[in-house]
Structure formats: structure tokens, C-alpha cells
Amino acid sequence: MEQPPKDWDCPVLEQVNVSADYYLLSVAAPQVALSALPGQFVLFRCGTRYDPFLRRPLSIHQVKRERGEVSFLYQVRGVGTRWLAGRNKGDAVSMLGPFGRGFTFSGRGKRGILVGAGVGVAPLLFLAGELSALDWKLVILIGARTREGILRAEVFKHYGNVKIIAEDGSTARQGTILDLFREEVEEAHWEMIYACGPVAVLKGIQKISKETGIPAQIALEERMACGVGACLGCVCEGATGETVRYLRVCREGPVFDSHEVILRD
Amino acid sequence: MIDLSIEIAGIKLKNPVMVASGTFGFGREYTPFFDLDKLGALVTKGLTLKPCPGNPPPRVWETPAGMLNAVGLQNPGVDVFLREILPFMKTFGVPIIANIAGFNVKEFATLASRLSVPGIAGIEVNISCPNVKTGGMALGTLPELAAEVVGAVVEATSLPVIVKLTPNVTDIVGLASAVAKAGAHALSLINTLQGMVIDINTRRPALGNITGGLSGPAIRPVAVRAVWQVAQGVDLPIIGMGGICTANDALEFILAGASAVAVGSANFRDPLTAVKIVRGLEQYCIQNGIEDWQELIGAAWKGNA
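Line by line, the protein sequences are chains A and B. Each residue of the first sequence is one higher than the last, beginning at 1 in the numbering used here. Each residue of the second sequence is one higher than the last, beginning at 1 in the numbering used here.
Read the hints as simulated data drawn from the structure, not as lab findings. Idealized CB from N, CA, C, for every residue including glycine. Treat the hints with caution; some may be incorrect.
[Said to hold, decoys possible] Where chain A lies over chain B, by a calculated footprint (3+ residues, C-beta under 8 Å):
1. 46–60
2. 141–147
3. 171–179
4. 260–272
Put together the whole structure using the sequences plus the hints.
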């Protein structure tokens, strides 16, 4: 049974500037905490007037169910997220959600590989916690252009073996996250790949998933208007069938099996 | 309790607040938020004869106090609508107006005929979509062509015919007069304004379709002006739309001459916008001692308020 989405004014518990333009926002949202699934997102109203006009979708980063807390890791990219970054403890933010199809998982003690590029790690921490609770053995790959973009690596360590890489060589390993990913895929037996990041990274993962036969679930990002499936604004191209068919990232996604979609730069 | 009901072209509305085509899907996605029977009417996503994939992404882009969209009429086609969607929509207990988007005159007539079934209260003729290469706005900017489409639709159905006009013309009153003469029963004013954004990072147009339709509060003054001009020049009921976010916005349209209003992009920001506007209109009437809200229609130029 789908939970009815609500529009809540939620108190901000904490706002932390994690590094560079990256922020971690924690809010008290017991209803969201209770019903949210890893990979789902929430729509934030940014501002009290009509500019910015649209809500901003942020994936759920971490949930503390017993405390009714939900956290969001995000990058300040424009006026909406800049406004959000200006909210402090005690302020209220209008949230709508949770929405979307999240990551799927079942069974205990399986082996999974998580791939998060840049702020793409955002939906993976919640997932890592859920998988860890099911005794999954996890390797978590975190990559970014620079060290400042390597986010939350210390927290991910609670749930698995974390490996980091930066493209500019500011970490011990220099290269792309796909370099790390290829090595890991060759070295061990994996039952599921979970990934989130820029399209170029997801395309690489899609290709390797196809070559190796290891199923992959990828979380996509697209500009949204309504976020609930009505406006058809946030689509991606579906890979099944002979004719062009667009899938709603907010409704059929944001998490897709990698073979379901055609990724375009 | 104020009686906000009104009849437009024979369609009985319990209140004058509708939701605009393309901003509410077929209603399903908004059922978790509120009982849709609180709406005056529900206008469907634009329907085409065959399933339409729509335009490539990105399809939406935020603009100052508004947004651009270039969805391009993605819809499952009239057959799937009639077979799989309409039965569900009929359970809402609210008049359903089918928005039709043909790519030529014949298609408009065929769509109107196919949709003349129990459960559909009226036909909204979309000759104003800026996001398709044929049909759409191409048919809606020339009065003779627009009249030809409307005439064919009126011929093909016994349902009330509402014509949704584009503001992307120099003489919207002339256009409205032409479709009125062709037999239209009501007008929807306005569809989106044609617009464009260039992403300075990629140095390319932001939308996959290059241009899109501008909506949201940024276009409200344009829409109010269109309603004001057409209401004084053409004797047809008008459904006003374009950037309506609050009851005060809706009142502007009513005072300009609209008999009903439709909420569009504001649904995306707050799914409860339409029901909040209904409440706001009731409060306005109570606070101002208005017993018959219809006296407000066009009051800004009739001077009877």
C-alpha cells in the first residue's frame, strides 16, 4: 500500500557544510522516516514566494527511524539549493514525499557493490544501512574529481569496505571511479551493483553490467516539475520496445534496472 | 457556506476552479493528496489519436517566477484513454473535460467524435500547444485555420466545445471572434507563451526541443490582459488561466471577465493549490458580503461590484 504523500513543515535539526558546496541537512520528519525506502526522494519548497518557483527533489541520504530524523546530502547548484543551505536549526522547511521507486533488495548475506560518484553517494548511505542490516557484504566505491568531492566516506565505513578515488590525484588513488569499479568487478563475485552519479559513470556501469551479467540498479537525476508523475517533465528514454518510449524518472524511477533505460549525455 | 457553482457552456461546475490540461495528468497522481471531487472540473492531458512519445529531455526548465516546458503532448492516445483511463476518471465525481490535440483538422474532428461518450462533459480544443511542429499553435495563430478546426469539431460532437487559445498572436480578440463565429461555446485563455533558455555552461539551448512554453506567475499579467480584452470583445464564457497560485490571483481573472479559472503550474509547487483557492474564494465572498459571486465576473470593466 502506497503511503499518502504529505506536505509537512519540518523543523531543521542541523545544517552542516560538509565540504566545498556540499551540505548535509537533517530534519525532523517522523512520517517520512517511517515510510521512506532507499532511493526515494523528497520535494523541498525553496523560498516562501514564487521565485524559485519549482520544488527541488533531494534523495534521502540517511534515516533514523526511531528518532524520526531524515537527512539529505546535496550540492548547492542554484538559487533553490542556495536558499535551502541558508536554513538553520529551528527553521522549518516544506517537504513533500517520499516519492519514487527506490532500490530493490532481498535475501541475507549477499555481496553487493555500491558506486557513488560525487554527490551521487547521497542515496547510497540509506541503502548501505539497510543492506548491512541484512548482513550483506558490501564494497563501497566513492569517487570524485577532487578530494573535496569525496563525501561521507567515514560514515560509509560502518557498512562495508570503502575505497576512494579522485580524478586529480588528491587521494591515494588517482583515476575515475570506473577504473576502481572495473578492478572490483574482476576481483570478486558480486550479486548486485547499485550506482548513482553522472550519466558518463552510469553508462560505464550499464556497459559492464551487460558484459558481466551482474545486475545493476542505477539512480537517475533529471530536472523535475511536479515530482509525482503528472507533468511528464522528468523523463528518460526506455530501452524496451522498438518505438521511443519515455519513462518518468519521478515515478518509474529514480532507480531503474540499468537495462531498462537508454542513457544519453 | 457560499454557493460557488456556475454553469459554463452547459457544464455544471460546483465551483469555478479547474485544473489545467497537462498539469494534472489524468488525475491519478493527485488522488493521494485530496478528493478530486472538490474541483470544479478536471481537464485531461492533451489527447492525440495515436500514442505520442513526446519530446526528448530535458523537458522542463525553471525560469524567473515560472517554468518552461517542452513535453510535446506525450500521451497514450485516445483508444487507451477511453479503454483504460476514463473508467477510472469517472469515479472522481467531477466533470471531465477532454483536451484534444490533432495534427490536422480531420484529426481534431475524429478526436472530438471519439470522445463524445458518457463521462466526458466537454471538449477543449488545443490549438495552442507551442511544443509540436504541426497542429498545435500552428493551427491556432491564424483565425481562418483556427475557425476551420473549431467548425469541424463543433460538427463532430454534441458536447460543449471550449477552445484554448495561444497568447502568441498580435490580436487575440480577432482570434477569439473567429472561433466564436465558428461555433465555440467557451474559451480557455491562455496557453503558454513561447520561450527559450540557453544554458551558458553547455552553450546550448537548455531544452531538448530548444523552445518551450512559459508558464507560472511570470505570465499572469499577460493572461489577465488577454481575458480583459477578449471578455469585452467576444460574448463567450472564459476560463482564465496563466500563473494562478492563490485565490487573489483567481479573483483578478474573474474581475477581468473569466467565469472560471484553471490552476496549472502551481499544482507542481503545491498539489493543494486548487482546493486552497476554492476556500479562498469562499472567504473573500464572506469577508466582502458578496452573496452572488458571479457578480464579480468582469466587474473590473462592468463596474458593477
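Each hint tested on the structure:
1. 46–60: holds (count 7)
2. 141–147: Answer violated; 0 residues pass the 8 Å Cβ test.
3. 171–179: Coverage by chain A is violated here, the residue count being 0 at a Cβ distance below 8 Å.
4. 260–272: The restraint on the region 260–272 of chain B holds, since 7 of its residues have a Cβ under 8 Å from chain A and three suffice.
Checked against the numbered hints given earlier, the structure breaks hints 2 and 3 and satisfies all the rest.
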